[in-house]
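Chemist: Going down the list, the protein sequences come from chains A and B.
Taken in order, the first sequence gives residues 9 to 415; the numbers are from this note's numbering.
Taken in order, the second sequence gives residues 136 to 399; the numbers are from this note's numbering.
Because the hints were derived from the structure by calculation, they are not lab data.
One thing to keep in mind: the hints can contain errors.
Okay, derived cross-link-like pairs now, EDC-like style, lysine to aspartate or glutamate, Cα gap no bigger than 16 angstroms in a straight line [said to hold, decoys possible]:
no., chain 1, residue 1, chain 2, residue 2
1, A, Lys164, A, Asp185
2, A, Lys164, A, Glu336
3, B, Lys299, A, Asp185
4, A, Lys137, A, Glu277
5, B, Lys367, A, Asp46
6, A, Lys278, A, Glu300
7, B, Lys299, A, Asp46
8, A, Lys136, A, Asp46
9, A, Lys198, A, Glu188
10, A, Lys278, A, Asp313
11, B, Lys299, A, Glu51
12, B, Lys299, A, Asp315
13, B, Lys299, A, Glu307
14, A, Lys198, A, Asp256
15, A, Lys278, A, Glu307
16, B, Lys347, B, Asp253
17, A, Lys137, A, Asp256
18, A, Lys193, B, Glu315
19, B, Lys299, A, Asp313
20, B, Lys367, A, Glu307
21, A, Lys278, A, Glu305
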Amino acid sequence: MGAADGANGFSKPLQVGCVGISHRTADVAVRERFAVGDPVLGETAAGVKELEGLCGAVVISTCNRVEYYFAASDAAQAVEQIRQRLGVGVEPGFYAHAGRESVAHLMRVVSGMDSMVPGETEILGQVKKAYQSAVEAGAANREVHVLFQKAFAVAKEVRSQTNITRGPVSVGGVAVDLAEKIFGKLAHCKVMILGAGETAEQTGRALVSRGVRSIFVSNRTHDRAVELANSMGGAALHFDEWQNWAHDVDIIVGSTAAPHAVVLREPMEKLMGQRPARPLFIIDLAVPRDVEASVNELEGVYVYDIDALQQIAERSLTFRRAELVQCEAIIERCAREVAEKLGEEKAESGWEKVESGKRKAETDERNRAERDSLPQVARKGAPEGAGNVETDEGNAETGERKLSVRE
Amino acid sequence: MFPVPMERWPLILSTLFFLVSFGWTMFALGAGKYRPSRLNLVVISAGFAAQTWFLYLRGEMLGRCPLTNLFEVLIFLSWSMVLFYLVIGPAYRLTLLGAFTAPFATIFQMVALIAPLDAAPVVGASRPNPWLELHAAVSVMAYGAFALACVAGLMFLVQERQLKSHRFNAVFYHLPPITELATAIKSLLFAGMALLSVGLGAGFVVGSPGKKILWGIGVWVLYGLILLMRQKLSARRVALMAVTAFTVTLASLWGINQLPGGPN
Numbered sequence: 009m010g011a012a013d014g015a016n017g018f019s020k021p022l023q024v025g026c027v028g029i030s031h032r033t034a035d036v037a038v039r040e041r042f043a044v045g046d047p048v049l050g051e052t053a054a055g056v057k058e059l060e061g062l063c064g065a066v067v068i069s070t071c072n073r074v075e076y077y078f079a080a081s082d083a084a085q086a087v088e089q090i091r092q093r094l095g096v097g098v099e100p101g102f103y104a105h106a107g108r109e110s111v112a113h114l115m116r117v118v119s120g121m122d123s124m125v126p127g128e129t130e131i132l133g134q135v136k137k138a139y140q141s142a143v144e145a146g147a148a149n150r151e152v153h154v155l156f157q158k159a160f161a162v163a164k165e166v167r168s169q170t171n172i173t174r175g176p177v178s179v180g181g182v183a184v185d186l187a188e189k190i191f192g193k194l195a196h197c198k199v200m201i202l203g204a205g206e207t208a209e210q211t212g213r214a215l216v217s218r219g220v221r222s223i224f225v226s227n228r229t230h231d232r233a234v235e236l237a238n239s240m241g242g243a244a245l246h247f248d249e250w251q252n253w254a255h256d257v258d259i260i261v262g263s264t265a266a267p268h269a270v271v272l273r274e275p276m277e278k279l280m281g282q283r284p285a286r287p288l289f290i291i292d293l294a295v296p297r298d299v300e301a302s303v304n305e306l307e308g309v310y311v312y313d314i315d316a317l318q319q320i321a322e323r324s325l326t327f328r329r330a331e332l333v334q335c336e337a338i339i340e341r342c343a344r345e346v347a348e349k350l351g352e353e354k355a356e357s358g359w360e361k362v363e364s365g366k367r368k369a370e371t372d373e374r375n376r377a378e379r380d381s382l383p384q385v386a387r388k389g390a391p392e393g394a395g396n397v398e399t400d401e402g403n404a405e406t407g408e409r410k411l412s413v414r415e
Numbered sequence: 136m137f138p139v140p141m142e143r144w145p146l147i148l149s150t151l152f153f154l155v156s157f158g159w160t161m162f163a164l165g166a167g168k169y170r171p172s173r174l175n176l177v178v179i180s181a182g183f184a185a186q187t188w189f190l191y192l193r194g195e196m197l198g199r200c201p202l203t204n205l206f207e208v209l210i211f212l213s214w215s216m217v218l219f220y221l222v223i224g225p226a227y228r229l230t231l232l233g234a235f236t237a238p239f240a241t242i243f244q245m246v247a248l249i250a251p252l253d254a255a256p257v258v259g260a261s262r263p264n265p266w267l268e269l270h271a272a273v274s275v276m277a278y279g280a281f282a283l284a285c286v287a288g289l290m291f292l293v294q295e296r297q298l299k300s301h302r303f304n305a306v307f308y309h310l311p312p313i314t315e316l317a318t319a320i321k322s323l324l325f326a327g328m329a330l331l332s333v334g335l336g337a338g339f340v341v342g343s344p345g346k347k348i349l350w351g352i353g354v355w356v357l358y359g360l361i362l363l364m365r366q367k368l369s370a371r372r373v374a375l376m377a378v379t380a381f382t383v384t385l386a387s388l389w390g391i392n393q394l395p396g397g398p399n
């Protein structure tokens, strides 16, 4: 039951709701017009709270969504107030939720269910930051606290009770995960990067982010190898020297522009003969491939080319999307509990009853559409190189627009 | 229905614990619901406690270390294996090792319970030479370490095969990294070798080596060769040898116990 807010003079239960746009409903060109910078998130929320009828607000702004969450005496009126403030009349792409639906929506957002790549975890940190900014700016009231704290708890439950985060969904993520499946902690692994292109750099950085401390870069253009090695805290090698150093590395990333294989079976067989008990993981990102296919047959050598990595990423994505149904069941249960705690069930207005029915149909449609479009989505979600490493909430360009919006 | 002797109930209870652990893990993996949790460790610990209880009761009844026939050897072997799991599993964060250990413990104990192996233990006989008891107990504990190395070896082979073929099933995501498994296998082989060395040493103190001690020396040489060659072999081959060596040892255990003179 929402408490009366003396400052605002309300005596009836407060309602929670949200207004916003996301990658599902609006192009990046629209989203960027409404984006709110991190430094002013709290200030913006405080400004929204001052609108007539509002008692609390949080503003979330990421590459893929801009959403205003609020607690107010009248949700419909609050939605109109926020729209007016944003200068949005009949702007396509904006949606509004109130009561239980807004609770469920926030839970889906923080759980990564509403993200471009289901189960991505970056959004949770972004929402926590937005909430913290609102708290520090004095824009959060009791209802907002309950709403967000519960949403964070539900996000944790969804991730621990389902497989929504299972498996990497980008080429770089797959490569790093496989490295950990072979070596465990990567801190003691030595990495050699052949080629100094963008994909090699991204994969190298992904490995460094997971603890790799020793990197060699070898490239036909030595200056570029030096530049890349310096940027990652590694060492550069002349391209004709890499085989002399390969016996002491654990991971080789192949990404040269060579028209033929540069990692051949015979020298690798000799190399493995010198270190039979030490596995070697080869990530071949090049097309044409840098590694002779038969190298994978050698004992202790694990070769993954770009196709293999992409297939694993696609399978993970398919798996995660299949988990959405189970996640939705948790969200429904928890949203009902939170709505009851907030008194939303008792205070549900006619507006909400009509709208919640519409949104239920939209959610069902969205889930169905996602299941139907799995292969296409997976292909679009997978980058050409090793670019994305689990930061898909920030990748707006590959977004799909399937969800019909209210407006 | 034939009556079940009282001292067998802890053993039956222990077997049920291991069966539940194994069954639940397999079901959870198949249904995609498996989550690493302490529950499996708790269930296996309960099974271990029941095993210990059984061995204590048996020891009290016999007035000596319960290693007088193949039935007791199998239970003691199962107990040793679970003991090593409880020591090494949490240390290496090998949560799924429990799921692989449980079926072995279940099989050992079910064979012991069902097969007619419990040949009339001599109750109240004079206590044997303590060196002989030490030899038997420590040797069987060594086989427990080798058994767990075999289990870890199987896990390694499953994981390695999937990494090579690029095809992953539900188990893949819960198996530990192959490098950690390889380390665990070697640690268990070293632990087993150390215990077996102590066991054989105690056996030599008893007197001139009999056929069973010679068999123990054979096992010692077999595992010693694996450990000597470990640097020259791939981790997969070491895992394969850990599995093969234990299979051979287990198969010959039955044969050696048919020799006159009891399992000691």
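Chemist: Each hint: holds or not?
Modeler: Evaluated hints:
A hinted pair counts as satisfied when its Cα atoms are at most 16 angstroms apart, and Lys164 (chain A) with Asp185 (chain A) does not qualify at roughly 21 angstroms. At roughly 14 angstroms between alpha-carbon atoms, Lys164 (chain A) and Glu336 (chain A) fall within 16 angstroms of each other, so this suggested pair holds. Between Lys299 (chain B) and Asp185 (chain A), the direct Cα distance comes to roughly 15 angstroms. Compliance with the 16 angstroms bound is thereby established for this hinted pair. Between Lys137 (chain A) and Glu277 (chain A) the alpha-carbon distance is near 51 angstroms, which puts this suggested pair outside the 16 angstroms criterion.
For a cut-off of 16 angstroms, the pair hint linking Lys367 (chain B) to Asp46 (chain A) is broken: about 56 angstroms separates their Cα positions. The hinted pair formed by Lys278 (chain A) and Glu300 (chain A) meets the criterion: a straight-line CA distance of about 15 angstroms does not exceed 16 angstroms. A C-alpha spacing of about 45 angstroms is found between Lys299 (chain B) and Asp46 (chain A), which places the hinted pair above 16 angstroms, so the restraint is violated. Proposed proximity of Lys136 (chain A) and Asp46 (chain A) is supported: the alpha carbons are some 12 angstroms apart, at most 16 angstroms.
Distance restraint check for Lys198 (chain A) and Glu188 (chain A): the Cα-Cα separation of roughly 13 angstroms lies within the 16 angstroms cut-off, and the hinted pair is therefore satisfied. The straight-line distance between the Cα atoms of Lys278 (chain A) and Asp313 (chain A) is roughly 22 angstroms, outside the 16 angstroms bound, and the hint therefore fails. Taking the CA atoms of Lys299 (chain B) and Glu51 (chain A), the gap is near 54 angstroms; set against the 16 angstroms cutoff, the hint is violated. Restraint check for Lys299 (chain B) and Asp315 (chain A): satisfied, since their Cα atoms lie roughly 15 angstroms apart, inside the 16 angstroms limit.
Distance restraint check for Lys299 (chain B) and Glu307 (chain A): the Cα-Cα separation of roughly 10 angstroms lies within the 16 angstroms cut-off, and the hinted pair is therefore satisfied. A threshold of 16 angstroms between alpha carbons decides the hint, and for Lys198 (chain A) with Asp256 (chain A) the separation of about 7 angstroms falls inside it, so the pair holds. Restraint check: the Cα-Cα separation between Lys278 (chain A) and Glu307 (chain A) comes to about 11 angstroms, which is no more than 16 angstroms; the hinted pair holds. A C-alpha spacing of about 20 angstroms is found between Lys347 (chain B) and Asp253 (chain B), which places the hinted pair above 16 angstroms, so the restraint is violated.
Under the criterion of a C-alpha separation no larger than 16 angstroms, the hint pairing Lys137 (chain A) with Asp256 (chain A) is inconsistent with the structure, at around 43 angstroms. Among the hinted pairs, Lys193 (chain A) with Glu315 (chain B) is consistent with the structure: their alpha-carbon atoms are about 9 angstroms apart, no more than 16 angstroms. Taken as a hint, the Lys299 (chain B) and Asp313 (chain A) pair is honoured in the structure, with Cα atoms around 12 angstroms apart against an allowance of 16 angstroms. With a CA separation close to 12 angstroms, the supplied pair Lys367 (chain B) and Glu307 (chain A) stays within the 16 angstroms bound.
With a C-alpha separation of about 14 angstroms, the suggested pair Lys278 (chain A) and Glu305 (chain A) falls inside the 16 angstroms cut-off, and the hint holds.
The structure does not agree with the numbered hints 1, 4, 5, 7, 10, 11, 16 and 17 stated previously, though it agrees with the rest.
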